[in-house]
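**Student:** To convert a position in the sequence shown, counted from 1, into this note's numbering, add 33.
Incorrect hints may appear among the rest.
Derived CB-CB ranges, DEER-like [to be verified]:
| id | residue 1 | residue 2 | range |
| --- | --- | --- | --- |
| 1 | GLN164 | PHE82 | 15 to 23 Å |
| 2 | VAL103 | ILE200 | 18 to 26 Å |
| 3 | PHE50 | VAL103 | 36 to 44 Å |
| 4 | ALA248 | GLU210 | 55 to 63 Å |
| 5 | ALA285 | GLU264 | 27 to 35 Å |
| 6 | MET143 | THR174 | 19 to 27 Å |
| 7 | ALA208 | ILE245 | 49 to 57 Å |
| 8 | ILE111 | ARG220 | 30 to 38 Å |
Calculated cross-link-like contacts (lysine to any residue; reagent style SDA-like; alpha-carbon spacing at most 20 Å) [to be verified]:
| id | residue 1 | residue 2 |
| --- | --- | --- |
| 9 | LYS175 | THR151 |
| 10 | LYS94 | SER55 |
| 11 | LYS85 | PHE105 |
| 12 | LYS190 | LEU133 |
| 13 | LYS197 | THR174 |
Derived by calculation from the structure, the hints in this document are not laboratory data.
Cβ atoms here follow ideal geometry from the backbone N, Cα and C, with glycine treated the same way.
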Amino acid sequence: METVVFSFIVFILFILFIIVLSSIRIVPQAHAYVVERLGTYTGTWSVGFHLKMPIIDKITKKVTLKEQVVDFEPQPVITKDNVTMRIDTVVFFQITDPKLYCYGVERPIMAIENLTATTLRNIIGDLELDQTLTSRETINTKMRATLDEATDPWGIKVNRVELKNIIPPAAIQDAMEKQMKAERERREQILKAEGEKKSAVLIAEGHKESVILEAEAEKQSAILRAEAKKEATIREAEGQAQAILAIQQANADGIRLLNEAAPSGEVIKLKSLEAFGKAADGQATKIIIPSEIQGLAGLAKSVTEVVKEEA
């Protein structure tokens with residue numbers, strides 16, 4: 034009997050141990066537990082050690098507080114100019130209030146997806162195709178503001194919304210590719226024309242520079258020739274001046290020597306006769322002989338005849 038009682042007590046203690054052990058909860062980092070007591074919300078457990086009442090308390094939902102990323106399927110949208118395209122979005126959100134997230138809306142991820150699709154259609158419906166393709170940042174900002182405001186009562190904060198991909202119809206894609214090809218060809222032609230223009234400008238500038246250099250060289254050559262001619266003329270004039278000066282100096286020296294020698298009248302007359310003899314050898318048709326040397330001229334003529342006869 035005692036053995037049965039002992040076994041029963043051990044069993045009861047084991048059951049109590051299991052119940053106590055199952056009542057211990059440790060909430061990990063970046064998580065929160067929503068707890069109900071008899072079906073009524075009693076609180077939210079944060080990170081750390083917690084003990085719940087067996088059977089009475091119940092952990093309704095385990096919520097992660099880390100930022101989450103949801104990639105939704107492409108949604109068909111129609112632009113303002115009636116072009117149908119498909120756009121897939123990526124939403125970055127974070128749960129800020131576990132209680133509101135648990136009780137605010139049923140299936141919150143589906144609610145965010147549907148809200149994203151309707152918001153995207155409203156925004157794209159006011160834009161044309163070209164604006165849609167070039168206004169991603171504007172669309173992202175508008176969607177984030179709208180979703181964040183709508184999900185606030187659900188305890189969710191939308192941090193970012195990104196348009197992952199914009200898929201226009203195949204015909205539009207072909208037209209865009211042709212347009213881009215034409216644009217690239219146009220840019221190529223423009224670049225080629227600009228290159229040829231720059232080349233022509235450089236060639237013209239080089240020719241101009243060459244002409245300027247040739248003109249400058251010709252100018253320098255003309256200047257050097259003029260200076261050389263000037264120098265030669267100066268030297269020639271200096272030589273003539275020196276020659277004239279030498280002749281004048283010789284004449285002056287001759288006169289000075291004659292004055293120093295004090296020649297007699299006969300010598301002067303003889304020199305005069307020599308001078309008239311030289312004059313007679315010239316082209317003059319008439320010669321006037323002073324009376325002072327006429328007798329001397331006759332004497333000289335007689336002497337000349339005597340010399341010829343002796344010869």
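**Student:** Look at each hint and say if it fits the structure.
**Tutor:** Do the hints match the structure? See the list:
{"no.": "1", "hint": "GLN164 with PHE82: 15 to 23 Å", "verdict": "violated (56 Å)"}
{"no.": "2", "hint": "VAL103 with ILE200: 18 to 26 Å", "verdict": "holds (19 Å)"}
{"no.": "3", "hint": "PHE50 with VAL103: 36 to 44 Å", "verdict": "holds (43 Å)"}
{"no.": "4", "hint": "ALA248 with GLU210: 55 to 63 Å", "verdict": "holds (57 Å)"}
{"no.": "5", "hint": "ALA285 with GLU264: 27 to 35 Å", "verdict": "holds (31 Å)"}
{"no.": "6", "hint": "MET143 with THR174: 19 to 27 Å", "verdict": "holds (24 Å)"}
{"no.": "7", "hint": "ALA208 with ILE245: 49 to 57 Å", "verdict": "holds (55 Å)"}
{"no.": "8", "hint": "ILE111 with ARG220: 30 to 38 Å", "verdict": "holds (33 Å)"}
{"no.": "9", "hint": "LYS175 with THR151", "verdict": "holds (13 Å)"}
{"no.": "10", "hint": "LYS94 with SER55", "verdict": "holds (17 Å)"}
{"no.": "11", "hint": "LYS85 with PHE105", "verdict": "violated (38 Å)"}
{"no.": "12", "hint": "LYS190 with LEU133", "verdict": "holds (12 Å)"}
{"no.": "13", "hint": "LYS197 with THR174", "verdict": "holds (14 Å)"}
Hint compliance for this structure: hints 1, 11 are broken, all remaining hints hold.
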